[in-house]
Amino acid sequence: MAVIRCRYNMAPFSVGDRKRPGPDRRSVEISKITADALKPAVFLEKFPRSTIDVFIEILEAEGGTRCAGITAASVALADAGIPMRDLVVSCAAGKADGNVVLDLSEDEDKEGEADLPVAIMPRTGEITLLQMDGHLTSEEFDKALDLAVEGCKKINEIQKEAIKNRYGEENG
Amino acid sequence: MVNIVPEITRKSITELIKKGERADSRSPDEYRDVELEVGVIEKAEGSARVKIGNTQIMIGIKPQIGEPFADTPNVGVLMTNSELLPMASPTFEPGPPDERSVELSRVTDRCLREGQVIDLEKLCIIEDEKVWMIFLDLHVLDYDGNLMDAAVLGSVAALLNTKIPAARIENDKLVIDEENSIDLPIKEKPLMCTFAKIGGELVVDPSLEEENIMDSRISIGMREDGSICAMQKGGEMPFTKEEIRKAVNITSQKTKELREHLK
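So the protein sequences, as listed, match chains A and B.
Mapping to the numbering used here: the first sequence position 115 is 115, numbers consecutive.
Mapping to the numbering used here: the second sequence position 188 is 1188, numbers consecutive.
Just chain B, with the same shape it has in the complex (with noise of 0.2 Å):
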């Protein structure tokens, strides 16, 4: 999908940026608004609605019974699949996930999956034959840039309030028990910041505006203890040492701010 953006607007945004200004009257480093609501879907076991600026995407975690990967025998699974719903965007397009739904789902997983965001072992009932399968879902409701910030955010906060029934055996059988429901095993609550590079600076949470014309975007994801759990860069200009550097601090002080509205 081509995106055409005008040349003036392209300047002007990138001459604010220049300035240390921006579009919107943010700062270089400053988020937009963001709203966590949990619980929101009755039938799903884990949900959320998270909203940066008009960025909106519903969560919803469903486990399901499974076998395990065979070279994991004793680990549960974690899938995260997105969809980027037509309704969000003029660019988005029914059917298959394109490139940049599987970027985001894929950049999500990574972030959780690394940040180890469930104690996956714990999700085992008996080894090399059943184990918890967390499927989580990204529904891409409106697309106002930085998809994966709020993807990370809302994941988080949908596994912390989900619920999954107790199993065990007995007697050799499986026993679901619905009536007696547990947390998910939650060990860590990674998040993630994302940077645009636009005219030679770095700012933080980009609107779909300034996606549009960036030069090159990095998402950085971080541990509670300041530890890089996954990065991507995307876009097509370069960056360099320096940029990275600085992009890794201010994403740690940028993720405190974000694990605030997990409380």
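So here's chain A without its partners, still in its complex pose (with noise of 0.2 Å):
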């Protein structure tokens, strides 16, 4: 089986506050959890004895870096022709000034009472990654987990459409 590593990283002017280079304990855990939401895509079983590595630098952070940071790496992994069951593609939910809302901006985040970002492989619309901080009813985290799935499934035309603009619709 082949291995998957991901280093999730973020510039230190990506953030008001200049970020000290290195990793954290918050990239860490990001680059650990993106590398269990890509796994269950890839084939890993046709490549053994051998090792993908997935870079994912946060140029400007305003909320959502993990969930872009994941649709954009599989469609890496796509663009590098490593054969994959599905996309991953992944959004985030979560509850802001009372409302179920997708797609936290930072200040959201921030003040917000709950973020759930999600990331589905679109056509079996299995969960790869799932993760909550905050506050939400049963029903609330029902609601925003469909519109995260909802969010999820319109990036996936995104990356589609960014496969075919490359490789051409009758190639790919």
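Derived from the structure by calculation, the hints contain no laboratory data.
Please read these numbers as outputs of a predicted model, since none were measured by experiment.
Think of the CB as a built atom: it goes at the ideal place given N, C-alpha and C, for glycine as much as any other residue.
Careful, some of the hints might be misleading.
Which chain B residues face chain A? A few, computed with CB under 10 Å, are given here [unchecked claim]:
id, residue
1, E1042
2, G1046
3, M1058
4, P1063
5, N1081
6, P1097
7, E1099
8, P1185
9, C1229
Once the Cα atoms are required to be at most 25 Å apart in a straight line, the calculated SDA-like pairs of lysine to any residue come out as [what the hints assert, rightly or not]:
id, chain 1, residue 1, chain 2, residue 2
10, A, K19, B, K1019
11, B, K1051, A, F55
12, A, K32, B, S1089
13, B, K1122, A, D17
14, B, K1043, A, D17
15, A, K32, B, P1086
16, B, K1051, A, A76
17, B, K1163, A, F55
18, B, K1043, A, D24
19, A, K39, B, P1094
20, A, K110, B, S1025
21, A, K19, B, G1053
22, B, K1173, A, F55
23, A, K32, B, E1093
24, A, K19, B, N1180
25, B, K1019, B, G1053
Facing chain B, from chain A, some residues (calculated, C-beta under 7 Å) [said to hold, decoys possible]:
id, residue
26, R7
27, A11
28, P12
29, F13
30, R18
31, D24
32, F55
33, L59
34, G63
35, D146
Each chain sits in its own coordinate frame; assemble them with the hints.
Okay, structure coming up:
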């Protein structure tokens, strides 16, 4: 089985107060859950004794960087010609100002009541990443999860478009 | 990191350079295409994305209030830091900066500092207590040779593009006025020009394949008036005095051309 290694890294100038370079606890955790989110999609058994490195560089952060990272990484894996069961697409829902909303911005995340990043494989709808922090009732959770999955499906169209634009529909 | 270059590649590049030609059909004193874009990162107070050929660096500037160094109590601080991202090259590894990264940030820092890009005395807010510290981060996105020239060009462009909040003293208290930002006090615009010595000849702006086989390398930093502000020799083989003089001469011409991109 191949091994997928991820490195999620933020540029020092990507956030308001300069971030010290190098991994911190947050980026190490995001690196791990990113690898876990991508693994189910890749035919790892096709590449024994090999490593697939995924590097995610956040140049500017305004909320939702882990979702953007996973979404882009899966397109990059496809671009690298690595066989996959499906693309992985990620999007967050959450609760801000009492409402369940899609794709929290930085301010909504800071001020909001809950954040729920989700990644799915859209063909089957299987969930490969799920995190939550904050406070949601189970009704709100159901609503947020449905909303996040809907968001993922929309972003998946953009992913497919990006690949078609590069390789052309007939060659795809 | 040992770079293994096939003998046939080494030979063909060297033979071409001996004839005054290059593998990518440039002339010996010709740069690759230079692209420069400023203000690309909203979150940074100043930023630039520079490309020389396929070499690509993102530069971000962040100011912070800090304490001055004890020996220069009335002078602001410029800190240059670089990260050679693993995605930029198979030879770059994650982890603490290696010697190439340290050399890049130190040479860039030297060229900017000695070239007096910023009037650092104007960044002093309260002598001995509060000064602006300007953090300059080089984020190397793609490595195809000649990082130093790209780093210096992009850094100067990013510093020119930087706005810092106005800071003043009111009733013995430091007031940071985020509403009113000011340009950095720019003094000079030094730039850097790098040469590789291959087959006894000098070529400007070495590509990665040229860097992999070069005998030695020299980088020269120059201000607009043609004075030299920084130099760094790299590689295993020596230079002659004449070669260095020649490089200095070409640098004054080439930095003039590069300076056009800052306008």
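Comparing the hints with the structure gives:
{"no.": "1", "hint": "E1042", "in the structure": "holds, 6 Å"}
{"no.": "2", "hint": "G1046", "in the structure": "holds, 9 Å"}
{"no.": "3", "hint": "M1058", "in the structure": "holds, 6 Å"}
{"no.": "4", "hint": "P1063", "in the structure": "holds, 9 Å"}
{"no.": "5", "hint": "N1081", "in the structure": "holds, 6 Å"}
{"no.": "6", "hint": "P1097", "in the structure": "holds, 8 Å"}
{"no.": "7", "hint": "E1099", "in the structure": "violated, 16 Å"}
{"no.": "8", "hint": "P1185", "in the structure": "violated, 20 Å"}
{"no.": "9", "hint": "C1229", "in the structure": "violated, 25 Å"}
{"no.": "10", "hint": "A:K19 / B:K1019", "in the structure": "violated, 49 Å"}
{"no.": "11", "hint": "B:K1051 / A:F55", "in the structure": "holds, 20 Å"}
{"no.": "12", "hint": "A:K32 / B:S1089", "in the structure": "holds, 22 Å"}
{"no.": "13", "hint": "B:K1122 / A:D17", "in the structure": "holds, 22 Å"}
{"no.": "14", "hint": "B:K1043 / A:D17", "in the structure": "holds, 9 Å"}
{"no.": "15", "hint": "A:K32 / B:P1086", "in the structure": "holds, 17 Å"}
{"no.": "16", "hint": "B:K1051 / A:A76", "in the structure": "holds, 22 Å"}
{"no.": "17", "hint": "B:K1163 / A:F55", "in the structure": "violated, 31 Å"}
{"no.": "18", "hint": "B:K1043 / A:D24", "in the structure": "holds, 20 Å"}
{"no.": "19", "hint": "A:K39 / B:P1094", "in the structure": "holds, 21 Å"}
{"no.": "20", "hint": "A:K110 / B:S1025", "in the structure": "violated, 54 Å"}
{"no.": "21", "hint": "A:K19 / B:G1053", "in the structure": "violated, 29 Å"}
{"no.": "22", "hint": "B:K1173 / A:F55", "in the structure": "violated, 44 Å"}
{"no.": "23", "hint": "A:K32 / B:E1093", "in the structure": "holds, 18 Å"}
{"no.": "24", "hint": "A:K19 / B:N1180", "in the structure": "holds, 24 Å"}
{"no.": "25", "hint": "B:K1019 / B:G1053", "in the structure": "holds, 23 Å"}
{"no.": "26", "hint": "R7", "in the structure": "holds, 5 Å"}
{"no.": "27", "hint": "A11", "in the structure": "holds, 5 Å"}
{"no.": "28", "hint": "P12", "in the structure": "holds, 4 Å"}
{"no.": "29", "hint": "F13", "in the structure": "holds, 2 Å"}
{"no.": "30", "hint": "R18", "in the structure": "holds, 4 Å"}
{"no.": "31", "hint": "D24", "in the structure": "violated, 14 Å"}
{"no.": "32", "hint": "F55", "in the structure": "holds, 4 Å"}
{"no.": "33", "hint": "L59", "in the structure": "holds, 6 Å"}
{"no.": "34", "hint": "G63", "in the structure": "violated, 12 Å"}
{"no.": "35", "hint": "D146", "in the structure": "violated, 32 Å"}
Against the hints set out earlier in the document, violations occur for numbers 7, 8, 9, 10, 17, 20, 21, 22, 31, 34 and 35.
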